[in-house]
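Use these hints to put chain R onto chain S, whose structure you have.
What follows is the residue order along each chain.
2 protein chains.
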Amino acid sequence: MKSSYTLLSQSSRCAARAGEIRTLHGTIQTPVFMPVGTQATVKGMTPENLLAIGAQIILANTYHLFLRPGHTLIQQFGGLHKFMNWDGPILTDSGGFQIYSLKELARITEEGATFKSHLDGSTLFLSPEDAVSVQEALGSDIMMCLDTCIPYPASREEASNATALTARWAERCRKAQRPTGQLLFGIVQGGMYPDLRARSVEDMTSIGFDGYALGGLSVGEPSEVMYEMTAQTAALLPYEFPKYVMGVGTPEDLVECVFRGVDMFDCVMPTRNARNGMLFTSRGRLVIKNACYYNDPLPADENCGCYTCRNYSRAYLRHLYMAKEILASLLNTIHNLHYFVNLMKQMRMAISADRFEEFRREFYEMREQEIPTV
Amino acid sequence: MKSSYTLLSQSSRCAARAGEIRTLHGTIQTPVFMPVGTQATVKGMTPENLLAIGAQIILANTYHLFLRPGHTLIQQFGGLHKFMNWDGPILTDSGGFQIYSLKELARITEEGATFKSHLDGSTLFLSPEDAVSVQEALGSDIMMCLDTCIPYPASREEASNATALTARWAERCRKAQRPTGQLLFGIVQGGMYPDLRARSVEDMTSIGFDGYALGGLSVGEPSEVMYEMTAQTAALLPYEFPKYVMGVGTPEDLVECVFRGVDMFDCVMPTRNARNGMLFTSRGRLVIKNACYYNDPLPADENCGCYTCRNYSRAYLRHLYMAKEILASLLNTIHNLHYFVNLMKQMRMAISADRFEEFRREFYEMREQEIPTV
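These protein sequence lines map, in sequence, to chains S and R.
Mapping of the first sequence onto numbering that gives the first Met the number 0: position 321 corresponds to residue 320, and the numbering continues sequentially without gaps.
Mapping of the second sequence onto numbering that gives the first Met the number 0: position 212 corresponds to residue 211, and the numbering continues sequentially without gaps.
If you are wondering where the hints come from, they were derived from the structure by calculation, not from laboratory data.
Take these hints with a grain of salt, some might be off.
What the hints assert, rightly or not - Quick list of in silico lysine-lysine cross-link-like pairs, BS3-like style, CA-CA up to 30 angstroms:
#1 S:Lys323 with R:Lys1
#2 R:Lys323 with S:Lys288
#3 S:Lys81 with R:Lys42
Claimed, not checked - To be clear about the criterion: a stretch of chain R counts as covered by chain S if any three or more of its residues have a C-beta under 8 angstroms from a C-beta of chain S, and this derived list gives those stretches:
#4 19 to 30
#5 293 to 304
From a predicted model like this one, the values you see are computed outputs, not experimental measurements.
Just so it is clear, CB atoms sit at the ideal spot from N, CA and C, and this is done for glycine as well.
Excised from the complex, chain S in its bound form:
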């Protein structure tokens, strides 16, 4: 099949690579970070805010939108893009991870997932075919197959069974797909067992998808294990398709996973931490409520060019946070998302210049320095 991905640069001394993905709503430069817009809004951000920080694509959650306001309503409104006033690409997850997170409130069978709504406790059912048709109704640019996420730790048998079921579901997803022009990605599972990961790569690539996600990572395993699984799985996946690590991660995780060949990321960390007053900076994390920022006239990050850093002092950001003002969430979210999106841009530039390893070294050197204050 023809790929929607084009490889533009391959690092000569590591797996890091730059490329682009063509979607119905435009082309995405990779590696890319996707801000999370769970309920058809990236918390606290207008679409214009997202464009201003350089977001290329956002993620929305099938599970949440299926429950509220419902995919049928969104379809009536011409799809998610029109409903939420975002004209750029959107990736929707399948709901697999959310159903996994429901734990005892969900039951997985061959047929699909039965689960209780976290909103009203009603019992709902989602089959692999449903997951695709819901995402078709939402009209996202990139759809994800319904998968079964594997907890950490998990026995080999548990991991093996879930991986096999994910493969059977993936096949059903591919079959259910209608020719809408939306891309469909398969999800590689396998837990922390390298041979099961390899098996899952084989399952997925033999079905054939428009891209491949590494699922079931960042579920509690040590970072080194996550990096190892990522490196191994990414290396097995065909280079002609985008590779996406789901739900990852910290700035360090992004650098390490790009180093290992990953193209796409999503994570709630920049948005959630922003609302909790934690700012990501080029020198590490800054907790804005700390007393030392009371009268600090510096911007959150002196190396940052975002709207927040161009216009507001740490003292003002601290005041807003202490006073529980909505603007605190807004300004902190703008800064954190800009940091993540800009970090990816720097990585793309480093890859294009074939100096990703130098970039990675400088990234860590910078973080060893203290955050300067007045």
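Chain R in isolation, oriented as in the chain S frame:
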């Protein structure tokens, strides 16, 4: 003294008038509505959002900023404008109304107001001189005298004593003022007693201020009483100075008070109600959580040109509100403030064309129509 106010148009058949006020941070067209930015931020709005909806001047609260982060800190940062990144005019209230609202937590003596902080219970003191010097430190364009607000109902004696004390405090405020170019407004009290209001007007005008506020209104009295007090007091005040009704009000109140000669208003209603999902429209109030808006593709107000109405359906606004998303507060606040600010603009245009009475009639006719839905 030279007035900072210029009368531009006077209605021929009612007291409504249009003019402008010159301040250190620019000229304001009146009648004007001032969005409330209690804690050095209009809740949920960036300065750019405020400019986009056409806000000319905002209000900040001396009491809140005195407590947190403190006027000394704000002065270190070059004043409130720089601290909060708003370059337009700012009016600061004196703290009189907030201290009044503290009820048993505050004690008024000849010297000033002793009160307990709502943040940490510490005992604080604010004299009329302090109120001025705090506002000078904040660097607002328009400062208000410290006054003693009169509850409703109040005995004649109570009202008389408070009015006399307000006059003595006003004199101390004027004396304490330094030549910073900031304007200082006196506050007319008098409760709901016309002769005490007249006496207070005499007290204030004989001291001489840059503008005059009508204080102690909208404190529980019926609308008709408020309108009567407003009409009587506004008529007694000299036409060469701006007239400001503090803490008022609903769209109907704004129209009625402009009709009676008022130039300036502030109220938390558009911002607070926005966060509670109540939208002001040309046809009256719309409660966005109502089930009828579930699949309504219309904008909040079909006659509105704000960012929210240009880009989002009632169905999306309802979804955001039900899902408790921050964007609900943002979009609703943009709409409500735009409604208030635009209502004032329409009134200014009607006054300039000497058709304010027609405007007022059409305003009420429009509100008798039902809000159309699909």
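Structure-based check of all given hints:
{"no.": "1", "hint": "S:Lys323 with R:Lys1", "in the structure": "violated (42 angstroms)"}
{"no.": "2", "hint": "R:Lys323 with S:Lys288", "in the structure": "holds (24 angstroms)"}
{"no.": "3", "hint": "S:Lys81 with R:Lys42", "in the structure": "holds (27 angstroms)"}
{"no.": "4", "hint": "19 to 30", "in the structure": "violated (count 0)"}
{"no.": "5", "hint": "293 to 304", "in the structure": "holds (count 3)"}
The structure shown violates the earlier hints numbered 1, 4.
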